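Under my numbering, the first residue of the sequence shown carries the number 428, and numbering increases by one thereafter.
Since the hints were made in silico from the structure, they are not lab data. Errors might be hidden in some of the hints.
[What the hints assert, rightly or not] Once the Cα atoms are required to be at most 16 Å apart in a straight line, the calculated EDC-like pairs of lysine to aspartate or glutamate come out as: (1) K681 - E551; (2) K613 - D468; (3) K681 - E552.
[Said to hold, decoys possible] Distance ranges between label pairs, derived from CB positions: (4) R607 - M428: 38 to 44 Å; (5) E442 - T719: 27 to 33 Å; (6) D689 - P500: 51 to 57 Å; (7) Y720 - R517: 21 to 27 Å; (8) A531 - E609: 35 to 41 Å; (9) Y624 - T719: 39 to 45 Å; (10) A531 - P662: 30 to 36 Å; (11) P500 - R683: 50 to 56 Å; (12) R469 - G521: 41 to 47 Å; (13) L452 - M428: 23 to 29 Å; (14) A531 - P500: 40 to 46 Å; (15) A686 - T491: 39 to 45 Å.
Keep in mind the model is a prediction, meaning the values are calculated, not measured. Cβ atoms here follow ideal geometry from the backbone N, Cα and C, with glycine treated the same way.
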Amino acid sequence: MLWLSALAIDLAFGEPPRALHPVVLMGWAIGTLERAAPRDDRPARAFGALVVGLPTIGAYVIGTFLDGQRWSPVRTALSVFILKSTFALRELVGAAARVERALAADAVDLARDELRSLVSRPTEELAAHQIASAAIESLAENLADSYIGPLLFYRFGGIGAAIAYRVVNTADAMIGYRGRYEHLGKAAARADDAANYVPSRLSALAVVTAAPFVCADAHGAWQVARNDHGRTASPNAGWPMAAAAGALGLRLEKPRHYALGDGAAPSARDIRRARRLVMAAAVLVTAAVLATYPGARR
428 MLWLSALAID LAFGEPPRAL HPVVLMGWAI GTLERAAPRD DRPARAFGAL
478 VVGLPTIGAY VIGTFLDGQR WSPVRTALSV FILKSTFALR ELVGAAARVE
528 RALAADAVDL ARDELRSLVS RPTEELAAHQ IASAAIESLA ENLADSYIGP
578 LLFYRFGGIG AAIAYRVVNT ADAMIGYRGR YEHLGKAAAR ADDAANYVPS
628 RLSALAVVTA APFVCADAHG AWQVARNDHG RTASPNAGWP MAAAAGALGL
678 RLEKPRHYAL GDGAAPSARD IRRARRLVMA AAVLVTAAVL ATYPGARR
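All chains, please: the whole structure from these sequences, using the hints.
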């Protein structure tokens, strides 16, 4: 199956070179449109819909065209390569592991540097437990963004839908925030909210289900997800992050923004536990989604 082939390549080799990475091309297209955007508020909002809409539609058309081609080795290889570009499970877990190793060695400055590959928040003044918290939050949130989302869109919409999802996610990461992109990025942020509505909640459920397999607390995951998911500004991110906080018995906190759970402050050891939890959740969702294919149970 194409997804399993893409997953095997991801776990074995990680990310392709930047020069060959389709997400880099997506970023270039979005960035090119962004630089042409008007500065006035109302035109910027309308133009923002084009910034996210045109690349998304283009990606969907290309992926759907590829899906419709007759089987050939070239078509299969290209499909696997493009699918692989829509998710980054190994890179996500590996980036968290680098933060974990730095914290375990008491190299806090190095841990702050490594954390920048996972989060956009300023890291210069974060204490060790805040670094660990940010890494765990990113693991949980990106379980949805960087794996379960693409998997669901591929299962129910083919390669075109998976690529389109990644374009929306990339646009949100580039321009979907307040401040400079308050108006231009509005459409990207709203599109990302809609695209991640189901993946984020399924990710929380996956964390709850996976918890017993890694000696974590399924009941705590459910309780904290249910009670604390609304504390984040994002309507989606709070679900998997709160579930992870409850499963691991931690308090995950972004200072002056939110706190999830009421457990202990996290440490390097907890990043390792979170990595195992996220991988277990990814395995369970992969198995569950692939089992929905016709003939999978024969």
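Next on the checklist: For a quick check of understanding: which of the numbered hints are violated here, in increasing order?
Outcome noted: The structure breaks only hint 9.
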